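Listed below, chain by chain, are the residues.
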Amino acid sequence: MGPNGAGKSTTIRLLCTLLTPSEGTASVGGFDIVESPVSVREIIGVMPEESNHTLYPTMSTYENLEYFGKLYEIPEAEIPERIEELLNFMGLWERKDDPAGELSTGNRQRLALCRALLHRPKVLLLDEPTSALDPIASKKVRELILSLAEKYKQTFFINSHNLAEVQRICDRIAIIDKGRILLSGKTEELRSKLQASQNFTIRVYNDLEKALSIAKSMEFVTSAEKEVDSLQVTIEDPIGNNSTLMQSLLSQGVRIIEFAEEAATLEDLYLDVIGGVA
Amino acid sequence: MVLRKSLIVAKADLRMAMKVKMVKYSLVIMSLMAPIMAIGLVLLIALTAPAILVTTIPMLDSLFAPMIGIMAIIPATMISANALVGEREQNTLEPLLCTPLTNRELLIGKVLSSFIPTIILLLGSVLITEIATIIIFASVGANPVLFPGTASLYLLLVAGPILIVAIVSVMILISGKVKRVYEAYQSSGAIVIVFLIPMLLPMMSTSDLGNVNVNLVWLSNTITLLIASVLAIITSALAISRFNRDRMVSM
Numbered sequence: 001m002g003p004n005g006a007g008k009s010t011t012i013r014l015l016c017t018l019l020t021p022s023e024g025t026a027s028v029g030g031f032d033i034v035e036s037p038v039s040v041r042e043i044i045g046v047m048p049e050e051s052n053h054t055l056y057p058t059m060s061t062y063e064n065l066e067y068f069g070k071l072y073e074i075p076e077a078e079i080p081e082r083i084e085e086l087l088n089f090m091g092l093w094e095r096k097d098d099p100a101g102e103l104s105t106g107n108r109q110r111l112a113l114c115r116a117l118l119h120r121p122k123v124l125l126l127d128e129p130t131s132a133l134d135p136i137a138s139k140k141v142r143e144l145i146l147s148l149a150e151k152y153k154q155t156f157f158i159n160s161h162n163l164a165e166v167q168r169i170c171d172r173i174a175i176i177d178k179g180r181i182l183l184s185g186k187t188e189e190l191r192s193k194l195q196a197s198q199n200f201t202i203r204v205y206n207d208l209e210k211a212l213s214i215a216k217s218m219e220f221v222t223s224a225e226k227e228v229d230s231l232q233v234t235i236e237d238p239i240g241n242n243s244t245l246m247q248s249l250l251s252q253g254v255r256i257i258e259f260a261e262e263a264a265t266l267e268d269l270y271l272d273v274i275g276g277v278a
Numbered sequence: 001m002v003l004r005k006s007l008i009v010a011k012a013d014l015r016m017a018m019k020v021k022m023v024k025y026s027l028v029i030m031s032l033m034a035p036i037m038a039i040g041l042v043l044l045i046a047l048t049a050p051a052i053l054v055t056t057i058p059m060l061d062s063l064f065a066p067m068i069g070i071m072a073i074i075p076a077t078m079i080s081a082n083a084l085v086g087e088r089e090q091n092t093l094e095p096l097l098c099t100p101l102t103n104r105e106l107l108i109g110k111v112l113s114s115f116i117p118t119i120i121l122l123l124g125s126v127l128i129t130e131i132a133t134i135i136i137f138a139s140v141g142a143n144p145v146l147f148p149g150t151a152s153l154y155l156l157l158v159a160g161p162i163l164i165v166a167i168v169s170v171m172i173l174i175s176g177k178v179k180r181v182y183e184a185y186q187s188s189g190a191i192v193i194v195f196l197i198p199m200l201l202p203m204m205s206t207s208d209l210g211n212v213n214v215n216l217v218w219l220s221n222t223i224t225l226l227i228a229s230v231l232a233i234i235t236s237a238l239a240i241s242r243f244n245r246d247r248m249v250s251m
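Here the protein sequences line up with chains A and B, keeping their order.
Numbering-wise (the working numbering), the first sequence opens with residue 1 and increments by one.
Numbering-wise (the working numbering), the second sequence opens with residue 1 and increments by one.
If you are wondering where the hints come from, they were derived from the structure by calculation, not from laboratory data.
Here the structure is a predicted model, which means the values were calculated and not measured.
Careful, some of the hints might be misleading.
Per label pair, the in silico range of CB-to-CB distance [unchecked claim]:
no.: 1; chain 1: B; residue 1: I234; chain 2: A; residue 2: P3; range: 40 to 50 Å
no.: 2; chain 1: B; residue 1: N244; chain 2: A; residue 2: D171; range: 33 to 43 Å
no.: 3; chain 1: B; residue 1: T55; chain 2: A; residue 2: E76; range: 40 to 50 Å
no.: 4; chain 1: B; residue 1: I29; chain 2: A; residue 2: G24; range: 50 to 60 Å
no.: 5; chain 1: B; residue 1: N103; chain 2: A; residue 2: G24; range: 21 to 31 Å
no.: 6; chain 1: A; residue 1: E78; chain 2: B; residue 2: T222; range: 36 to 46 Å
no.: 7; chain 1: B; residue 1: E183; chain 2: A; residue 2: V38; range: 26 to 36 Å
no.: 8; chain 1: A; residue 1: T105; chain 2: B; residue 2: L226; range: 26 to 36 Å
no.: 9; chain 1: B; residue 1: V28; chain 2: A; residue 2: A164; range: 38 to 48 Å
no.: 10; chain 1: B; residue 1: N244; chain 2: A; residue 2: N241; range: 23 to 33 Å
Cβ atoms here follow ideal geometry from the backbone N, Cα and C, with glycine treated the same way.
Based on the sequences and whatever the hints tell you, model everything.
Right, here's the structure in full:
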């Protein structure tokens, strides 16, 4: 993940050996991208940026896949079977004879994903894989990614702006900006790390203004904002301090209906990390 | 193995190029134009002045043979422009470069996509003209002569393929400089004119009276072959050394 211009697509272009790094090293599946580029390309499947525009428009849906099946040296007898399986899964079998240029944006995106999956690569590099898909198709692709990762032990390397998507399907995430990794780790670890910083929702039965005033008077409350029927507060070291805030509110006559920890999302983390360097 | 993958690329490129109307119709027109003109001329002479047919046709040979070659070779620029620049213009180059194709396989594939159909056109044009001429000669009771003659066949069948290699190599070099297919057409058009000069050299061996010095035809054809060879060696060496992924992707 990263903002526009962070280097996400460049990273994928380097990993699929389209670009040669000016410095540094990288390897995919144990193969160095500079020393063994052909070996790297044999084990990867790539869905480039705006992949719906990277299909041969005058070739049919089937021919687009057949061409790449041959280039990846899939045994001739297996190619039709694999194409049918993928096109059926993506709901494109009925369009197999249509020129790719006549498909909708979403269908082209699905076809590009089929192309990346056709030779069952060990590693898939997907640049914004669901950017042009509707919610149902996006969900299907997410399910496909999870099932393939489990069935074939495939590794998916995904660039995405869709934080919810990343949170659902990625084991590890990295946030990059200006070509550098700002934060990386297992998704769960990063999310729990964020939970230590801690946003809480406080709903009260009476006098929201008074509750806001009390919250703002506390040194450990780093921010407090009033919403329609609740307060949003951020508490430093919540394990030690949230009970102090709760007691202060109760002792000053504020009747609390809810004092709840907000579930941390990667969006918070993302904004926190990117905001910190902006 | 290398050739198998290259042929897959060549076949796909040719199929794509033939779906471009301009390329398809140019290919048909160019391939038909020279044989039709040559055969038409033979037929005209056979019908109007059959007595001079046997003496006139060999004199015309050195003029028409280069024309057959030129017409057959020009489509190579169109196909290779589509195969190289067109691929990038359509954004289909990146997925192709992400396959296990080596630079050599890709380069050979791109060359073959132009070379194979152009050679077929060249041989087809020559064969059709030869057969038609023989039939026309036989129909008027004249002793058949080869048209194109032996010296012209030497020019077309040896220098022709070498020139095709040179032209495709130049297209590979041009493709690294231009972003759009029509720019490649324009640039290649200018270069084809330069390449046509050696094809026209045999015409200079025709005297004012229309007589042809056969020795001069052979000499000029040999000079043409040498020029074509030098051009092919230089341009193909440059094309091979400059054909790389970074350059193609970063355009």
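Outcome of the hint check:
1. The hinted range of 40 to 50 Å is satisfied by B:I234 and A:P3, whose Cβ atoms lie roughly 48 Å apart.
2. Under the hint 33 to 43 Å, the C-beta atoms of B:N244 and A:D171, about 35 Å apart, fit the expected range.
3. A hinted range of 40 to 50 Å for the beta carbons of B:T55 and A:E76 is inconsistent with their spacing of about 58 Å.
4. About 53 Å separates the C-beta atoms of B:I29 and A:G24, a value consistent with the hinted range of 50 to 60 Å.
5. Checked against the given bound of 21 to 31 Å, the beta carbons of B:N103 and A:G24, roughly 23 Å apart, stay inside it.
6. Between A:E78 and B:T222 the beta carbon distance is about 53 Å. The supplied range of 36 to 46 Å is therefore violated.
7. Against the hinted window of 26 to 36 Å, the Cβ-Cβ separation of B:E183 and A:V38 comes to about 31 Å, which satisfies the hint.
8. Under the hint 26 to 36 Å, the C-beta atoms of A:T105 and B:L226, about 55 Å apart, miss the expected range.
9. A hinted range of 38 to 48 Å for the beta carbons of B:V28 and A:A164 is inconsistent with their spacing of about 55 Å.
10. Between B:N244 and A:N241 the C-beta distance comes to about 60 Å, which lies outside the given range of 23 to 33 Å.
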